[in-house]
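Asks: Residue numbers (the working numbering), protein chains in the order written: chain C, 128 to 391; chain U, 5 to 284.
One or more of the hints may lead you astray.
[As the list claims (entries may be wrong)] Only part of the chain U face toward chain C is listed, based on derived beta-carbon distances under 8 angstroms:
#1 21
#2 27
#3 91
#4 125
#5 138
#6 248
#7 250
#8 261
[To be verified] Away from chain C, derived, C-beta distances all over 10 angstroms, residues of chain U:
#9 78
#10 111
#11 163
In short, the hints are calculated from the structure, not lab data.
Keep in mind that this is a model prediction, so the values were computed, not measured.
The C-beta atom is built at its ideal place from N, Cα and C for all residues, glycine as well.
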Amino acid sequence: MNTDRLIRWAIWLYLLVVFVFVFTPIITSVIFSFNSDRFPTVPLGSFTTKWYQTVISDPDFWKAVRTSLLVSVCSGVLATLIGFCTAYTDFRYQFRFKGAYIALALLPPTIPLIILALAMLAWLSKIGASGQVWSIIIAHTVLCAPFAMGVIRLRLQQMDPDLESAAWNLGASEWSAMKNVVLPFAKPALVSAFCLTMAVSFDEFTVSWFVSGLNKTIPVAILEVLQGTVDPQINAIGTFVFFTSMTLVIIAQLIFTARTNRSS
Amino acid sequence: MKNKLDLYALTWRMPVIVWQLLFFVGPLLFMIAMSFFLVKNYRMEEAFEMKNWIKMTSRGYFWDAYLYTVFLASLSTVVTSLLAFPAAYGLAFKVSESTRRWAIFLLIIPFFTSYLVRTFSWYVILAESGVANAMLAYIGLGPFKMLNTIFGSIVGYLTLTFPLVIILQTLSLSNIDRSLIEAAQNLGAGRLKTLWSVTIPSAKVGLIIGAVFCFILSFGDFVAPYYLGGSKPPTLPILIIDTTKAGQQWPRAAVVAVVMMLTLMTVAYTAISLAYRKRR
Chain C
128 MNTDRLIRWA IWLYLLVVFV FVFTPIITSV IFSFNSDRFP TVPLGSFTTK WYQTVISDPD
188 FWKAVRTSLL VSVCSGVLAT LIGFCTAYTD FRYQFRFKGA YIALALLPPT IPLIILALAM
248 LAWLSKIGAS GQVWSIIIAH TVLCAPFAMG VIRLRLQQMD PDLESAAWNL GASEWSAMKN
308 VVLPFAKPAL VSAFCLTMAV SFDEFTVSWF VSGLNKTIPV AILEVLQGTV DPQINAIGTF
368 VFFTSMTLVI IAQLIFTART NRSS
Chain U
5 MKNKLDLYAL TWRMPVIVWQ LLFFVGPLLF MIAMSFFLVK NYRMEEAFEM KNWIKMTSRG
65 YFWDAYLYTV FLASLSTVVT SLLAFPAAYG LAFKVSESTR RWAIFLLIIP FFTSYLVRTF
125 SWYVILAESG VANAMLAYIG LGPFKMLNTI FGSIVGYLTL TFPLVIILQT LSLSNIDRSL
185 IEAAQNLGAG RLKTLWSVTI PSAKVGLIIG AVFCFILSFG DFVAPYYLGG SKPPTLPILI
245 IDTTKAGQQW PRAAVVAVVM MLTLMTVAYT AISLAYRKRR
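Build out the structure end to end from the sequences listed, making use of the hints.
Replies: Here it is as structure tokens:
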């Protein structure tokens, strides 16, 4: 029917517009990072790498990179560990107040970051733990663990629960069944969860900005530059940030979907 | 299944409880308590006084900010949900399974990719002499003032929430039982009639959850209204930042945060009971 084709075309066109809108800021930022003009607009100036050179020769940038990497790796590891424990508990056990338990684990992403930022700042100052690199790590672990739990829980969902009991019946202790059956099965999800949570931590700026004190992560450094002027260096740093977090998210998704499809 | 509470079970169960009580529930409860503290000579004193609450709620600018934030977040929710729906509908019904998977794959990437830098990018694009106006000038339009307007704020909110809302809507639409839709069409319902009385009600829960997340994210975001919206008037998150960073008035900022949490809880509760209400 003709109307059907028309609708189909309209929808494809609309999807195209949506994806252009979603990816425009990322692409623009990459293009302008190589553009010579001080104020980024069209027509473009000439090709240059001077913004990258300025950024690379700035010791503050490298300091921020080190802080960011340290924070995101540590929070990624902690969040993945906690996420695994929670996902496994949810998969394996039934108990009273399990609903409350799951809610406690999953709630952080539903609280606005600005509120968590203030709460964390106040609480960490109170217990004498604010303004340190590990203050950011503590806060980011809270934010990231639910994502890790979600990813790992989805993977465990595909495991036959009898697999573990079979190992017990063959004489394995719970610990060795964990080590030889559950962990190998969950391994791709653990890697995936680690990459995803590392990306979340790497990009987070509100909470970091509040609790980090003088230890700026890259997004916090960007935030502070933004309060001044339009600085084309931001495009160069931004491209670096995009590249890092996109790579992490893509790896996380590829590992997760590859294993999921193979086993089903 | 062994189900007793032994060392093994506790090893897996305890980490999240301990961590969340210490670093999630603890901070939130302390923040609520802090809204009753006093500040004397730039130092916070633990107390239980209504001073901050009275001070904040008696100010006109607080209520201006409150209403403006609710307005912006509601507008963002309506606009995002409406713009996302055709895309989600297309992804759920008009493309192949593998295209849908790829589309979701692509949408997940920006959701986890620096929102701050993407907003800065929009700032440059929407500026007076930016890319958008330069392109509009080619076809003889403009220049339009796009920064420091509600339009700017909405572009920012869309940058934050659009991919997530499309994903949530797509998932809920593609889980609808197809035979329901076919049945409606066989019974002679037209496209719009089917959409309105079968498709949308069947996906209601997912659509509302998408909208709730959109509201929460927009309501709590300071980047879009600050950098793209011009912060006139400020929104509640901007008020929190100003009060905390510039004024050192943490207890007053806590009042704002508690009011925000109460608002969000009310909105989420209302929306979710609406989502699960049986249709008569």
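Asks: Quick check for students: does the CB of residue 111/U sit more than 10 angstroms from each CB in chain C?
Replies: 7 angstroms, violated
Asks: The output says residue 78/U does not contact chain C. Does that hold with a beta carbon cutoff of 10 angstroms?
Replies: 15 angstroms, holds
Asks: Min Cβ distance, residue 250/U to chain C: is it shorter than 8 angstroms?
Replies: Violated - the Cβ of residue 250/U stays beyond 8 angstroms from chain C, reaching only about 12 angstroms at its closest.
Asks: Close enough to count: is the Cβ of residue 138/U nearer than 8 angstroms to one in chain C?
Replies: Interface hint status for residue 138/U: holds (5 angstroms vs cutoff 8 angstroms).
Asks: With 8 angstroms as the cut and Cβ atoms as the points, is residue 91/U at the interface with chain C?
Replies: Interface hint status for residue 91/U: holds (5 angstroms vs cutoff 8 angstroms).
Asks: Residue 163/U clear of chain C by more than 10 angstroms, beta carbon to beta carbon?
Replies: Nearest chain C Cβ is 7 angstroms from residue 163/U, so the label is violated.
Asks: Please verify that hint: residue 21/U, Cβ, nearest Cβ of chain C, below 8 angstroms or not.
Replies: Cβ of residue 21/U sits 7 angstroms from chain C, so the hint holds.
Asks: Does the CB of residue 261/U sit less than 8 angstroms away from some CB of chain C?
Replies: At about 5 angstroms, which falls below the 8 angstroms cut-off, the nearest Cβ of chain C leaves the hint on residue 261/U intact, so it holds.
Asks: Close enough to count: is the Cβ of residue 125/U nearer than 8 angstroms to one in chain C?
Replies: Since the shortest Cβ distance to chain C is 3 angstroms, the answer is holds.
Asks: Would you check whether residue 27/U satisfies its interface hint, that is, whether its CB is within less than 8 angstroms of any CB in chain C?
Replies: Hint on residue 27/U: holds, closest Cβ of chain C at ~5 angstroms, below 8 angstroms.
Asks: Mind checking the CB of residue 248/U against every CB in chain C and telling me if the closest is under 8 angstroms?
Replies: Holds. Min distance 6 angstroms.
Violated hints for the displayed structure, listed by number in ascending order: 7, 10 and 11.
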